[in-house]
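Chemist: Take a look at the letters that make up each chain.
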Amino acid sequence: MDEKKRNEAYNNYVKAKIPKTKPWPSLFNSFWVGGLICVLGQGINDLIMLWFPNMAEQTAWTYTLVVLIFLASFLTGLGVYDRIGKFAGGGSIVPITGFSNSITSPALEFKNEGIIYGMCVKMFTIAGPVIVVGIISSIIVGLIYLFI
Amino acid sequence: MAKSQTVVFKNQPVIIGSYSIVGPKEGAGNFGEYFDYVMKSDSFGEKTYEKAERKMIQHAIVGAIEKAKIKPTDVELLLAGDLLNQIISSSYAARDFSFPYLGLFGACSTMAESLAIGASLIDGGQFDHVVCSTASHFSTAERQFRFPLELGNQRPPTSQWTITGAGACVLALKGKGPKITMATFGRVVDYGINDVNDMGAAMAPAAMDTLMAHFRDSKTTPDDYDLIVTGDLGKLGSEILIDLMEDQGIKLGLNYNDCGQMYYTRNQATLCGGSGCGCSATVLNSFIMKKLLDGSYKKVLFAPTGALLSTTATQQGETIPGVCHAIVIEGVKQEKKK
Amino acid sequence: MYYLWVFLIGGLICAFGELLIIKTNITSARILVLFVLIGVVLEAFGIFDPISDFARAGINTPIIGFGASLAKGAIGAVKARGLIGAFTGGFEATAAGIAAAVGFAFLFGLLFKARTKK
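Sequence lines, in order, name chains X, F and Y.
Each residue of the first sequence is one higher than the one before, starting from 1 at the first, in our numbering.
Each residue of the second sequence is one higher than the one before, starting from 1001 at the first, in our numbering.
Each residue of the third sequence is one higher than the one before, starting from 2001 at the first, in our numbering.
The reader is advised that the hints may include incorrect statements.
Said to hold, decoys possible - Here are the computed distance ranges between Cβ atoms for each label pair: (1) X:N112 <-> F:K1071: 54 to 62 Å; (2) X:T21 <-> Y:F2045: 32 to 40 Å; (3) F:G1125 <-> X:F87: 57 to 65 Å.
These are computed hints drawn from the structure, not numbers from a lab.
For glycine and all other residues, C-beta sits at the position ideal for the given N, C-alpha and C.
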């Protein structure tokens, strides 16, 4: 029998066989958890603005991000963030807290291989592409704006 | 006619001792009461999970030797393997023993691979006592094949849970215990599955291939066995295997099951079930052995599958090949008292 | 009450990420990359600020906001300093976020240990 055809048929068969889970519960969970994280961000931002009324809006928002990143990193260390992630999926991956989790989790995981070759090297195994793609695209956008 | 893949043992090597050790989650699963030892924590008192995995193998080997009522100096060869790169768990475990060691890699089929090779060596008359062992650990497999433990991601519905556990058994030329009567060595089979979260689908064709070869070579049918058991196809994979076998004209009935599928209870949220070398190894060396010894099972076809992938291969766009080795274990015949 | 909009828009963005995960099985690294790119594109076309005025943390907390800051930094720096701004702007605008993520990861990496999942 033609191997290519056999494999194609098998892949189609498996695709049909995979149990279909209803997307709505997990979509709902990621919706409200993600929404709450954003509300938390807004809350922190408003508190900072309240306490330091003279602070520039941009600076206040930067502080907010740092606080969110700190919280996510801390919860990752405590072993709580992966449980939130299991429940909320996209709800805790898409916010900046997910970015923080993706850097702290390999740091924890690979510290057994040493500080330099373990923790420092592996820290960006997941978040590395985010920074690389982000920086490259910002360079491109900058260059485009230079010429228009 | 294809050449026979099956070896029929004239001397029928005996499994004179077997031992299983598992993690706490596995101990709370369906086979909990059958295991010899349930660890209180996954780290087993070690600093890293890799060291814990190694210690589990050593613990299982020592336990099996003790239960076989032989001395460590009687052991002539250790056949072992695991999932980690360069099978470090097995090799480092062997470092602390005085007997020779052959490292094997058959991924999750390693238990059957080691037993098939061990039985062949004993049947050939070269060895009297061979120890076979394998292990897997959830946390070491997770970091090697998937993501950091603390990463907040979700597992796809087809994914399986690597079992933390090790199994070992002592094969001997003579003695009391279940006998290995046949072994079918499997070919590497690849049906073009490339989803690393769907190992069951990737390995099911290999199981089909080996089981078909076994039934053909040994002229047996599924009805000749009290239990036909695969290793870690999981829920989805074993359903696929039943379909694949039916396409070949062989119906797997109620006597067929899969270790991974049976392993955890429904509340343990492991999606498609257990996987890993330790999956089939701990079930064989606990539940199946006990059932063979007390006469509930007389003839068992043990056919765990292994997915022969590495992250490098899959990142280079390769599909996932599978392999499956099968052995036939026959129980102690219960002689009626006259 | 703008908190409601923050919740709704933030939640919808996250649910869209979840939808991609369910439908295409993509990993979290790819999700993050994709959303950063969305942010860069939104900012480059000048669509981000109008949404941000309205959605506030609802669009700034998701990593889209990180992408937008990268682009915004590069554009601003190019206008102020010319060519070199294209290279310095992105990092400058996001320096605090990246430094915080790396710093806390290092700190908590030293303090804590990865635990087996239950």
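Chemist: Can you give the numbers of the hints that this structure goes against, from lowest to highest?
Modeler: 1
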